[in-house]
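Novice: The listed protein sequences derive, respectively, from chains R and W. If you read the first sequence in our numbering, its first letter stands for residue 1, the second for the next number, and so on. If you read the second sequence in our numbering, its first letter stands for residue 341, the second for the next number, and so on.
To be clear, the hints were calculated from the coordinates, so they are not data collected in a lab. It is possible that part of the hints are untrue.
[Unchecked claim] Stretches of chain R that chain W covers, calculated by requiring three or more beta carbons in the stretch to come under 8 Å of a beta carbon on chain W:
1) 118-124
2) 129-138
3) 209-216
4) 251-265
[Stated by the list, open to error] Pair ranges (Cβ atoms, derived):
5) ILE610/W with ALA101/R: 16 to 22 Å
6) VAL295/R with ASN521/W: 48 to 54 Å
7) ASN151/R with ARG429/W: 28 to 34 Å
8) MET217/R with PRO402/W: 27 to 33 Å
9) THR499/W with SER254/R: 19 to 25 Å
10) ASN151/R with LEU452/W: 28 to 34 Å
11) GLU210/R with ARG425/W: 23 to 29 Å
12) ARG425/W with VAL295/R: 34 to 40 Å
13) LEU213/R with GLN510/W: 17 to 23 Å
14) ASP175/R with ARG425/W: 39 to 45 Å
15) LEU315/R with LEU524/W: 24 to 30 Å
16) TYR428/W with THR216/R: 39 to 45 Å
17) GLY155/R with ALA491/W: 52 to 58 Å
[Said to hold, decoys possible] Partner residues aside, some chain R positions facing chain W, computed with beta carbon under 10 Å:
18) LEU98
19) ALA101
20) LEU103
Every residue gets a Cβ at the ideal spot worked out from N, C-alpha and C, and that includes glycine.
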Amino acid sequence: MGRGPWFWLGAVAVLAAAVIYPLLTDSYTVGNTVYFFNWAFMALGLCLIWGYGGALSFGQTAFFGIAGYAYGVITVDFGSDFGLTLWALLGAVAISALVAAVLGYFLFFGRINGVFLGIVTLAVTLVLERFMAQTAGPEWHIGAARLNGFNGMSGMPPLTIPWPGSDDPIALTPDIPLYYVVLGLLVVTYLALRILVNSSFGNVLVAIRENPLRATMLGYDVRKYQLGAFVIGSALAGLSGVLYTSWGQYITPSSMGITAAALPIVWVAVGGRSDLTTTLLGTIVLIGGFQALTVYGSQYALVVMGLLLVLTVLLAPEGLVAALALLPGKLLRRRAGENA
Amino acid sequence: MVDAVVGFLYQFGDAAAFLILAASGLAIIFGMMGVINLAHGEFIMAGAYTTVSVAKLGVPLPLAIGCGALVAGLIGIVLERLVIRHLYRRPLDTIVATWGVSLIASQGTLILLGPSLSDISTPLGSVQIGDLSYSVYRFVLMGTAAAILLALYLLFTFTRFGVLARATIQVPHMAEALGVNTRLIYSLTFGIGAALAGATGGLYAPTMTLVPTMGSQFITEAFVTVVTGGGDVFLGTAPAGVMLGFIRAAITSWEGQLAGQIGLLVAVIIVIRILPRGISGLILRERA
Numbered sequence: 001m002g003r004g005p006w007f008w009l010g011a012v013a014v015l016a017a018a019v020i021y022p023l024l025t026d027s028y029t030v031g032n033t034v035y036f037f038n039w040a041f042m043a044l045g046l047c048l049i050w051g052y053g054g055a056l057s058f059g060q061t062a063f064f065g066i067a068g069y070a071y072g073v074i075t076v077d078f079g080s081d082f083g084l085t086l087w088a089l090l091g092a093v094a095i096s097a098l099v100a101a102v103l104g105y106f107l108f109f110g111r112i113n114g115v116f117l118g119i120v121t122l123a124v125t126l127v128l129e130r131f132m133a134q135t136a137g138p139e140w141h142i143g144a145a146r147l148n149g150f151n152g153m154s155g156m157p158p159l160t161i162p163w164p165g166s167d168d169p170i171a172l173t174p175d176i177p178l179y180y181v182v183l184g185l186l187v188v189t190y191l192a193l194r195i196l197v198n199s200s201f202g203n204v205l206v207a208i209r210e211n212p213l214r215a216t217m218l219g220y221d222v223r224k225y226q227l228g229a230f231v232i233g234s235a236l237a238g239l240s241g242v243l244y245t246s247w248g249q250y251i252t253p254s255s256m257g258i259t260a261a262a263l264p265i266v267w268v269a270v271g272g273r274s275d276l277t278t279t280l281l282g283t284i285v286l287i288g289g290f291q292a293l294t295v296y297g298s299q300y301a302l303v304v305m306g307l308l309l310v311l312t313v314l315l316a317p318e319g320l321v322a323a324l325a326l327l328p329g330k331l332l333r334r335r336a337g338e339n340a
Numbered sequence: 341m342v343d344a345v346v347g348f349l350y351q352f353g354d355a356a357a358f359l360i361l362a363a364s365g366l367a368i369i370f371g372m373m374g375v376i377n378l379a380h381g382e383f384i385m386a387g388a389y390t391t392v393s394v395a396k397l398g399v400p401l402p403l404a405i406g407c408g409a410l411v412a413g414l415i416g417i418v419l420e421r422l423v424i425r426h427l428y429r430r431p432l433d434t435i436v437a438t439w440g441v442s443l444i445a446s447q448g449t450l451i452l453l454g455p456s457l458s459d460i461s462t463p464l465g466s467v468q469i470g471d472l473s474y475s476v477y478r479f480v481l482m483g484t485a486a487a488i489l490l491a492l493y494l495l496f497t498f499t500r501f502g503v504l505a506r507a508t509i510q511v512p513h514m515a516e517a518l519g520v521n522t523r524l525i526y527s528l529t530f531g532i533g534a535a536l537a538g539a540t541g542g543l544y545a546p547t548m549t550l551v552p553t554m555g556s557q558f559i560t561e562a563f564v565t566v567v568t569g570g571g572d573v574f575l576g577t578a579p580a581g582v583m584l585g586f587i588r589a590a591i592t593s594w595e596g597q598l599a600g601q602i603g604l605l606v607a608v609i610i611v612i613r614i615l616p617r618g619i620s621g622l623i624l625r626e627r628a
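Go ahead and model the full structure; you've got the sequences and the hints to work with.
Specialist: Here it is in structure tokens:
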């Protein structure tokens with residue numbers, strides 16, 4: 001997947017549909033759709049780390065939270081004039097990437113692999129969650145920004161784009177302009193990751209996933225490649241965090257907790273972790289589906305999610321989207337086999 | 341002075357017992373089978389719920405805890421048959437699948453049994469040492485943790501099942517060729533791990549509030565203990581539980597409960613950086 005004219009034709013069709021979509025519906029639904037898109041960055045990042053690199057990080061929400069809080073602290077302290085929110089976005093993503101680099105150095109250069117990596121990243125995430133949860137008191141503040149413990153941090157401005165010749169910058173509240181900005185970011189991110197995984201970096205990453213020892217013997221420093229993928233993926237998780245925080249103007253420690261931490265893994269695993277496209281489609285469909293489920297039968301949403309997860313792992317290890325995409329080919333081949 | 345020392349030892353023993361009990365079932369399933377069981381907390385929850393329900397019928401507590409272990413063990417065997425069995429070659433996928441099971445179990449319990457189950461009181465009262473009083477039941481928990489480790493050691497070292505289990509885990513195909521029913525051994529091993537989780541739930545049921553998500557209070561601590569310990573239950577989990585219990589008690593008495601929890605997790609990250617295969621890896625000189 002990801003190559004050939006049919007794929008790109010399909011991609012252009014999907015993109016065209018996404019571009020005209022806001023014209024067909026009301027602005028509330030569009031704002032809601034942006035919410036689905038916000039998470040896709042984190043899922044794509046995890047797809048790079050886990051699906052391509054074979055390193056299951058259970059702690060992507062840590063970077064989501066770090067960047068979300070960083071955005072909040074920067075914007076509350078420095079305001080939103082002069083396009084400062086965009087600098088806050090970049091700064092927050094950079095902070096999450098930096099933390100990922102430090103943590104990743106410890107993990108990968110300590111040769112922590114496989115299941116241990118998942119458990120340590122989860123432990124780090126839970127430390128962060130517990131730490132942020134107890135910052136309710138007034139002594140916990142950075143500048144003017146109160147961290148507010150479990151009540152969550154609020155009051156940060158949405159993203160704004162300064163417009164030359166106008167005093168009022170464009171505020172990107174959950175509405176049509178934000179939709180196009182996030183859609184644009186998503187397309188750019190997807191294409192950039194697509195180029196990355198098709199490059200030699202991506203090939204080495206897959207080689208490491210398949211057999212780390214062999215990759216080492218071929219002269220690649222496994223640790224550097226894994227660290228690279230981890231930092232990129234975590235920066236994307238940070239981008240998700242910033243977009244989420246500026247979207248809802250709110251972030252809480254529970255967005256890092258164990259349930260939240262497992263969700264990206266669910267999306268990526270169920271969608272199909274071995275390919276960026278299946279991850280992207282799976283994530284958006286799953287988030288949309290679960291939101292609908294929560295609306296119509298909130299109690300059963302988690303049960304359905306669990307069931308879906310178990311069945312996917314057992315019956316379609318490559319993911320549901322991948323399984324569906326490969327199904328026509330399989331059926332055709334079987335037909336051909338019968339005729340022969 | 342004496343009070344401080346006794347108080348610290350009590351806190352240390354309590355923390356170590358909690359870590360060892362919470363982790364032992366997980367350690368067997370992980371160390372022997374390589375399966376990451378994220379539904380471990382839900383086995384604990386199942387054990388606690390069963391224990392309390394049975395105890396309320398008038399059954400004495402130790403027997404009720406036994407029932408809790410039995411029920412959790414049986415659920416474990418069923419789960420192994422239905423799901424885990426298909427995933428032995430894909431350890432990372434066991435994380436995903438058991439996480440799904442855990443979601444179904446905790447949310448299903450919430451739907452079926454409501455937000456909480458009424459508690460039973462902590463038995464045995466308290467004892468006065470120096471100026472402070474201590475819960476006797478906590479001492480029983482410490483003793484039980486030691487007894488369970490001893491029982492596991494005896495089971496896996498001196499019984500026929502233990503020998504077959506270790507053979508199966510080391511070289512499955514050879515064991516099979518020699519006529520060992522490896523599928524049964526895997527089933528039973530998983531069942532024992534689950535039963536230990538159930539017993540842990542039963543043991544702690546009188547000391548805590550029973551809610552469907554109670555498993556999550558155990559699972560992080562259980563995992564970090566297993567990771568620090570490494571693959572071996574006796575050379576890993578036990579010393580890890582003692583060491584982490586000490587760290588936790590020390591930081592807790594110095595800075596408070598939350599600092600204790602955070603200190604524990606930070607300690608684990610440092611240990612893992614130094615010993616990627618855990619304490620048992622160091623003792624057994626496994627190559628990382």
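Novice: Using 10 Å as the Cβ threshold, decide whether LEU103/R counts as touching chain W.
Specialist: holds (9 Å)
Novice: Please verify the coverage claim for the segment 209-216 of chain R: does it have three or more residues whose C-beta sits within 8 Å of some C-beta in chain W?
Specialist: violated (count 0)
Novice: Tell me whether the statement that chain W covers the segment 251-265 of chain R is true, taking a Cβ distance below 8 Å and needing three residues at minimum.
Specialist: Since 3 is at least three, the answer is holds.
Novice: If you check the beta carbons of ASN151/R and ARG429/W, does the distance land in 28 to 34 Å?
Specialist: violated (46 Å)
Novice: Between the beta carbons of TYR428/W and THR216/R, is the distance compatible with 39 to 45 Å?
Specialist: Violated: the Cβ-Cβ distance is about 26 Å, outside 39 to 45 Å.
Novice: Residue count check for the segment 118-124 of chain R against chain W: does it reach three with CB-CB under 8 Å?
Specialist: It holds: at least three residues are needed, and the segment 118-124 of chain R offers 6 whose Cβ sits within less than 8 Å of chain W.
Novice: Could you say whether the range 19 to 25 Å given as a hint is met by the Cβ separation of THR499/W and SER254/R?
Specialist: violated (46 Å)
Novice: Look at the Cβ atoms of LEU213/R and GLN510/W and judge whether their distance stays inside 17 to 23 Å.
Specialist: holds (21 Å)
Novice: ASP175/R and ARG425/W, beta-carbon distance inside 39 to 45 Å?
Specialist: Since ASP175/R and ARG425/W have Cβ atoms about 51 Å apart, the given range 39 to 45 Å is violated.
Novice: Do the beta carbons of VAL295/R and ASN521/W sit within 48 to 54 Å of each other?
Specialist: This hint holds: roughly 49 Å between Cβ atoms.
Novice: Mind checking the hinted window 16 to 22 Å against the Cβ distance between ILE610/W and ALA101/R?
Specialist: The hint (16 to 22 Å, Cβ to Cβ) holds, given that ILE610/W and ALA101/R are roughly 18 Å apart.
Novice: Taking the beta carbons of ASN151/R and LEU452/W, is their distance inside 28 to 34 Å?
Specialist: Since ASN151/R and LEU452/W have Cβ atoms about 32 Å apart, the given range 28 to 34 Å holds.
Hint compliance for this structure: hints 3, 7, 8, 9, 14, 16, 18, 19 are broken, all remaining hints hold.
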